[in-house]
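Student: Heads up: the protein sequence lines correspond to chains A and B, in order. As numbered in my numbering, the first sequence has no gaps in its residue numbers, which increase by one up to the final residue, 824. As numbered in my numbering, the second sequence has no gaps in its residue numbers, which increase by one up to the final residue, 179.
No lab work stands behind these hints, which were simulated from the structure alone. It is possible that some hints are incorrect.
[What the hints assert, rightly or not] Coverage of chain B stretches by chain A, computed from C-beta distances (three or more under 8 Å per stretch; other residues unrestricted):
no. : stretch
1   : 19–26
2   : 136–144
3   : 154–164
[Stated by the list, open to error] Covered stretches of chain A, as calculated for chain B (at least 3 residues, CB under 8 Å):
no. : stretch
4   : 38–48
5   : 57–64
6   : 362–368
7   : 459–472
Ideal Cβ positions, reconstructed from N, Cα and C, are used throughout, including at glycine.
Here is what each chain is made of, one letter per residue.
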Amino acid sequence: MNCRDLEELLSAYADGELSRTQREFIEEHLSSCADCRETLAQFEAAGRQLSSLRETQIASDIRTTTLSKIKATKALPDKPYRRWLRPVTAAAAIVAVIAVLLVAQPWGMESPEAMAASIVRNSPEVQAALNGEEIEEVEVTTTIVDEEGKVLAVIVRTERGNAATVEVNLETKKVGKIIRVDVPDFQPGDEQKAIDIAKTDPGVQELLAQGGVIGEVHLGHSLHTGEYISSDGQVRQEAFAIKTAFVDIELEGRQWSATVNLDEGRVMGLGRSSGFPPVLAVIIIASALAFLSGILIIVGLASGSRLASKVASPAAAVIGVIGLACVLFCSLLYLSTSMIWFLLLSTGTAIVGLVLGTIGIKRQLARRKAAITGTVLCSLALVLVLAVVVYPALWNVITITVAIIIILVLASLIVYTSYSQLRKIPRKLLRPAVVALAAVVVLIVALVQPWSVNPEGVIAKAYSATESLLSYRATISGTASEGDGLDSVIEFVFPDRFHAIITSGGETDEFIVVGDKQFVKSGDMSRNMIIAFSNSATSMLSKEATLRLLDSLTDLQRLPDENIEGVSSFHYKGRFDTEKMIEKEKARLAGMQSRMDPDDYQEMMKGLENSLNVKTEVELWIGKDDSLIRQVIQVTQAPDSEGQLHTSSTTLKYYDFNQPILIEPPLDAGGNLLPGWHLNPTLSKEIFFDCRTHFETTGEDPAHQQINAIVTVTNVAMEATAHNVRVELRNSEVIKDGDESPWIKAAPSNSEPVVLKRGEGETFNASWECDTSHIAGDELNELLERTVIKITYLTPEDDEAERMYTAGGAVYPSARPPANPPGK
Amino acid sequence: MEEARVIALIRAGEADAFAEIIEHYQASIIRYLYRLTGDYEMAKDLAQDTFIQAYKGILKTDAEISFKAWLYRIATNNAWQHHRRKKLLSFIPFTSKEQDIPNAGKQINCPGERLAIDEALLKIPEEQRTCLVLHFVEGFKYREIAETLGCSEEAVRKRVARGKKLFIGLYNREGGRTV
Chain A
1 MNCRDLEELL
11 SAYADGELSR
21 TQREFIEEHL
31 SSCADCRETL
41 AQFEAAGRQL
51 SSLRETQIAS
61 DIRTTTLSKI
71 KATKALPDKP
81 YRRWLRPVTA
91 AAAIVAVIAV
101 LLVAQPWGME
111 SPEAMAASIV
121 RNSPEVQAAL
131 NGEEIEEVEV
141 TTTIVDEEGK
151 VLAVIVRTER
161 GNAATVEVNL
171 ETKKVGKIIR
181 VDVPDFQPGD
191 EQKAIDIAKT
201 DPGVQELLAQ
211 GGVIGEVHLG
221 HSLHTGEYIS
231 SDGQVRQEAF
241 AIKTAFVDIE
251 LEGRQWSATV
261 NLDEGRVMGL
271 GRSSGFPPVL
281 AVIIIASALA
291 FLSGILIIVG
301 LASGSRLASK
311 VASPAAAVIG
321 VIGLACVLFC
331 SLLYLSTSMI
341 WFLLLSTGTA
351 IVGLVLGTIG
361 IKRQLARRKA
371 AITGTVLCSL
381 ALVLVLAVVV
391 YPALWNVITI
401 TVAIIIILVL
411 ASLIVYTSYS
421 QLRKIPRKLL
431 RPAVVALAAV
441 VVLIVALVQP
451 WSVNPEGVIA
461 KAYSATESLL
471 SYRATISGTA
481 SEGDGLDSVI
491 EFVFPDRFHA
501 IITSGGETDE
511 FIVVGDKQFV
521 KSGDMSRNMI
531 IAFSNSATSM
541 LSKEATLRLL
551 DSLTDLQRLP
561 DENIEGVSSF
571 HYKGRFDTEK
581 MIEKEKARLA
591 GMQSRMDPDD
601 YQEMMKGLEN
611 SLNVKTEVEL
621 WIGKDDSLIR
631 QVIQVTQAPD
641 SEGQLHTSST
651 TLKYYDFNQP
661 ILIEPPLDAG
671 GNLLPGWHLN
681 PTLSKEIFFD
691 CRTHFETTGE
701 DPAHQQINAI
711 VTVTNVAMEA
721 TAHNVRVELR
731 NSEVIKDGDE
741 SPWIKAAPSN
751 SEPVVLKRGE
761 GETFNASWEC
771 DTSHIAGDEL
781 NELLERTVIK
791 ITYLTPEDDE
801 AERMYTAGGA
811 VYPSARPPAN
821 PPGK
Chain B
1 MEEARVIALI
11 RAGEADAFAE
21 IIEHYQASII
31 RYLYRLTGDY
41 EMAKDLAQDT
51 FIQAYKGILK
61 TDAEISFKAW
71 LYRIATNNAW
81 QHHRRKKLLS
91 FIPFTSKEQD
101 IPNAGKQINC
111 PGERLAIDEA
121 LLKIPEEQRT
131 CLVLHFVEGF
141 KYREIAETLG
151 CSEEAVRKRV
161 ARGKKLFIGL
171 YNREGGRTV
């Protein structure tokens, strides 16, 4: 051991403050070390000199003056009842403050819902619209109509069941549009009904299969307004309310919510509800605990508890840290109703910490530094809360500043506590160490970029902003490295109205979806193509698709902010998390395996594996103020079977958020389709066949050629069963009866009538004689492939229906050649 | 003096009982504050404040430490606060020249050697000076110092050792006898 290290022990030895073992150790060392004996002598001399100061005579007597001052300050001693006065007053004051906060919501912090309700209740316009009947109930449909969130739509109901929808401007405190509406009432069994409906949804089923549990059911009305041109040519407004239920499903700590349309009995959407992140929950609990224990300590201090005075100052510091963290994490949430309570909680915590810190300083309690730290931190938290309440837009700036302050405080705390250790480091090492530390800090700051807004937070906000959208328009333009580009305009009205005009390759197709009805106006697409196209278009361009996109972005990177159509927007770049999506999709398929054809299953799995090579880069622009997506550019690179890369890019621009958009079925006043429009039945009820035909020719004489047609018909519908299936063939070249070319019937290999359930098939045979003397050998095959095959059947509703195929290759759904030609 | 009895009396409303406390502690508290501030008049004022605060404190809280340690803690905080104010004052312009000269004419007359000790002591940083004074002048054990200042005994040992080293250097420079 170095003698310098012994100085402290030598000093304590001189002062007689060492334990026996330490003393013996020092004495042994002293006997052999002259330097230390010298040091000890110096210490002893210093001690003697300092001790000589004891002899200073103090003659003053401050007794009388001090006592008179004490009496002058009127600090009257407490009588026994007075000793209880303080704690009781403190407790009463705290209870009063909490009661005031609970009963009268503080100024400016009234929730938007409560504000809207009180505006509506006091509005003469609303009274007039409801024939002066007394308003019984005001239901906020929680739909924010305005982009800035300043207008709320509410349903007002009177005792007699009259109802109207009212738009309330929270800024001007005035009511806007008032439209009379029929509001359906909820029935006692509606919650159970909602759960039953939700359970029919494949997504919900999957969640439940993974161990999800159905939680609460919330009932509400979703409100729809629109304009229409009435038969007398006037623009009228209409509104209707749909009974809606939100069924919560909890899975692995995450909340999902299925939106159920009770009127139509179907699930309209399934999304992750934006629940509290776990960190936030921890901070809320910590904050609440800090608040309560702080109050306990204050009460303890007031009643003179010894323990309370011991812990007051450290508690102030801890509460200060929690309060500040609470305020900081507030910024992860919106300024919503729950946020107000959160702000109140952090305010309360900070005030409690401030009181404790001040008492700690005033009363000379132990850990003065902790008390000062607590006071400073709590004051800072309060200033931040105040700033946010007065000027909410400060949030981002505050978040960043607070983050930097916390980092600085932590860093200086570390330096402060390790200061004595730092002094032990040899000077030579100290400087490089400081430089290295500084470099690490700079590196971390550069990596974390505390000045940039956390992209995950922005995306999460965009997700919930998109989720609550009622309507929007978007333009879509796409280009591909080969083939035609795509231009389209879509309109979307929550929950299930959709209108798209899609232009591709010079052809324009128009789709209108209202509920489960799809209307199509098309150039010359085949009927089956239309169904397929319309389905994929609606699923690709819907709100759900946007949500899915947001949910599966990864590797986000912030680019400089940009203006999109005059809206200042965050600009991010990221990529589609293909791996994650494929894993999800595989899990979904695996759940359906038992119901699928094994070959199909294998093929789909293989297809999924192949899509791992698909790379999609996404750029998106999110409005700073409203968190709504303004623009998305997607660039996809996919290899084909030969490994050749194909690039396609899509640009989506969103606008007209929550504007009144009217989407109506293309029907005339009599309910008939307008010219050019078709109504598509839903795919699930439609019957499709896979139809494959094989020909055999026998006989030596070309003039009497015997032709055999073997037609295999398989029902490939989603679920429906086809009854009484019949097959007929016609070919104007090779099936002739004189000059006529009749339909000839093919006989089933089993007994009639043929019933084909989903996935079942049947082989039909037809044979005829044909004069082929004028036809060349290879030409015959070509002619035969032109044979038209008509399948006639009874739909599940007992309607007669027919489908046409050609022998050479069915239009839909199969384009691949038969794996094993049937009939051989 | 039975501290517990006196404190009980004060709480029961006998303000005059506090006279006993003042009488018992005033000399050491004034001396202690004088050693920390180097200004006798100031030490007397601060001692008065200390006793007034202690009186109010007795009525409010059961101190978590012994009365003596608590009294010295109040005195220490007062001295340090005074020190800080004085430092602040030196930044304010237009203060009279007389006030700029610290402690002029306010020292207790004492032999030359002790003056050198005084001067050297006053130049030592306040935390270390406090520990030195509490140990050597007021006769506190390290444990008692730790209780008074609300820190660890380890820290006290360090401050005393460091303070002594500084004192030795400063005293020799002040022209005192070489030890």
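Student: None of the hints should be skipped; say for each whether it holds.
Tutor: Evaluated hints:
1. For the stretch 19–26 of chain B, the stated coverage by chain A is satisfied: 4 residues place a CB nearer than 8 Å to a CB of that chain, which reaches the threshold of 3.
2. For the stretch 136–144 of chain B, the stated coverage by chain A holds: 5 residues have a C-beta nearer than 8 Å to a C-beta of that chain, and at least 3 were required.
3. Counting residues of the stretch 154–164 of chain B whose C-beta sits closer than 8 Å to any C-beta of chain A gives 5, which meets the bar of three, so the coverage hint holds.
4. Coverage of the stretch 38–48 of chain A by chain B holds [criterion: at least 3 residues with CB-CB distance below 8 Å; count 6].
5. Counting residues of the stretch 57–64 of chain A whose CB falls under 8 Å from any CB of chain B gives 6; the rule of at least 3 is met.
6. Chain B is given as covering the stretch 362–368 of chain A, and this holds because 6 residues of the stretch bring a CB closer than 8 Å to a CB of that chain, at least three being needed.
7. For the stretch 459–472 of chain A, the stated coverage by chain B is violated: 0 residues have a C-beta nearer than 8 Å to a C-beta of that chain, whereas at least 3 were required.
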